[in-house]
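Asker: The lines below spell out each chain.
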Amino acid sequence: MLDVTAPLLAVNDLQAWYGESHILHGVAFDVREGEVVTLLGRNGAGKTTTLKSIMGIVGNRTGSVRYEGHELIARTSDQIARAGIAFCPEERGVFASLSVEENLLLPPAVKPGGLSLERIFELFPNLKERLGSSQGTKLSGGEQQMLAIGRILRTGARLLLLDEPTEGLAPVIIQQIGKTIRALKEQGFTILLVEQNFRFASTVADRYYVMEHGRIIDQFANSELDANVEKLHDYLGV
Amino acid sequence: MLEIFGIPSTALFGQLLIGLINGSFYALLSLGLAVIFGMLNIINFSHGAQYMMGAFAAYLLLQYTGLGYWPALIVAPILVGITGVIVERLFLQRLYKLDHLYGLLLTFGLALIFEGLARNKFGSAGLPYTLPDSLRGGQNLGFMFLPNYRAWVIVASLGICLGTWFVIEWTRLGAYLRAATENPTLVRAFGINVPRMITLTYGFGVALAAFAGVMAAPIYNVSPQMGSELIIVVFAVVVIGGMGSILGAIVTGFGLGVIEGLTKVFFPEASNTVIFVIMAIVLLVRPAGLFGRRA
Chain A
1 MLDVTAPLLA VNDLQAWYGE SHILHGVAFD VREGEVVTLL GRNGAGKTTT LKSIMGIVGN
61 RTGSVRYEGH ELIARTSDQI ARAGIAFCPE ERGVFASLSV EENLLLPPAV KPGGLSLERI
121 FELFPNLKER LGSSQGTKLS GGEQQMLAIG RILRTGARLL LLDEPTEGLA PVIIQQIGKT
181 IRALKEQGFT ILLVEQNFRF ASTVADRYYV MEHGRIIDQF ANSELDANVE KLHDYLGV
Chain B
1 MLEIFGIPST ALFGQLLIGL INGSFYALLS LGLAVIFGML NIINFSHGAQ YMMGAFAAYL
61 LLQYTGLGYW PALIVAPILV GITGVIVERL FLQRLYKLDH LYGLLLTFGL ALIFEGLARN
121 KFGSAGLPYT LPDSLRGGQN LGFMFLPNYR AWVIVASLGI CLGTWFVIEW TRLGAYLRAA
181 TENPTLVRAF GINVPRMITL TYGFGVALAA FAGVMAAPIY NVSPQMGSEL IIVVFAVVVI
241 GGMGSILGAI VTGFGLGVIE GLTKVFFPEA SNTVIFVIMA IVLLVRPAGL FGRRA
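So the sequences go chain by chain: A and B. All residue numbers for the first sequence refer to the numbering used here, where the first residue is 1 and numbers rise by one. All residue numbers for the second sequence refer to the numbering used here, where the first residue is 1 and numbers rise by one.
No wet-lab data here; the hints were simulated from the structure. Here a beta-carbon is modelled for each residue, glycine too, at the ideal position from N, C-alpha and C. Mixed in with the good hints, there may be bad ones.
One-sided excerpt, in silico: chain A residues whose CB lies under 10 Å from chain B [what the hints assert, rightly or not]: (1) 74; (2) 76; (3) 107; (4) 157.
Turn these sequences into a full structure, and let the hints guide you.
Answerer: Structure representation (structure tokens):
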């Protein structure tokens, strides 16, 4: 069937630099409303830089990032956030000088329709128990990850950029995060995920793009995953 | 006459009061420096000049517009704060990615320019600023005489310091400021206009200096060098308290004022150096300052 709806996020010829080093060489992909799309690739392939370039927090970038039909490439990162995109960084970015509650309430609402705190505590019951904790960074790694995801659900952003949310976490926590991502998808969130762990990705993703040396080199749907496992092992070097 | 440790109590309380007055100015100025350093990573060497500008703004408002002390206490910090906003937009914002040294040199140069301009226009003799009528006189507390204006300086300084501390530690705006001090890039990626917040923070820190300048005008002479005489001590206070620590700036500001005052009573010869001696000891024992977090 012909897809007549424009993608929610359309990235074209995206180039990015850190200082002198040219990291992205014309990345192009799109994400449709309500999808979970995963960027796979080895360390240094440019996955994180792609998320940061969409968010406007790399040194220098060119090309096109269109969100809901609006061109974002010339906008600053605060304007991009206000367009309705939220970012959860790989290092989680939990603030040590803020309490757990302050961390959770930090990102301002950018659009109406964000999740209520009750809803967020349903997704992450542990967070509610740790609310009184004086320092955000005193939480365990898994709790910090939940805090980092939880706080961007309040803002009303409909596109979530999640950078390796499972990195360094215990299997039981990874399962919980997988469950959360599926719940968020059901609620209509659109998610662009960066992952090294494609077994985890396969439990949540609709489609995959594979990156190498700052380019997209392959793509397939989740239904085609089995047919592509050999190739993926090759790409990811696992 | 009542004596404590062999010192007449009036002399002791008198020096304690002077210590608290000086401490009020140390606290206000080091608070501004700490706020600016925390957010901008800039050691604002023009802080003393901006304090002086506050005093001159009050003087000029009175001379040319007839605005008295109370309105000047609000108008002068706003006017000087606006010059701070202009300085940040024109110069400082270009320096954040560079070493601290550049910010220090630039603000030091600006201080020389501001002071030079003031000296050129008003001479270096100093100008009088009369006390507001409502704060003349004083209270006899039995053990000492407390001039109303001095009491006001202490109360106002404490109020401003604690208010600032409260906003930074306990409000949403303060959470933005603390978060942006830690990771400005991420805070901006949450949709907060961090560059504007930085500009306003500098404006606020400068306004604090100007507020101290207006409060100083009736006590000290309004003179071009009034800031540079004070700022050296204030930098020592900031080093002792710990760069960027809000509460540390307030507590050490008042505390060192009192210590300095007491030194004048018990060992007058050391009163000019005691703060620097303490600074040296603190640097040896706790290089990050009494309240500083290790970077």
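Asker: A separate judgement is required for each hint: does it hold in the structure or not?
Answerer: The hints, checked one at a time:
1. 74: 16 Å, violated
2. 76: The hint holds - residue 76 (chain A) has a Cβ within 10 Å of chain B, the shortest such distance being about 7 Å.
3. 107: 4 Å, holds
4. 157: 9 Å, holds
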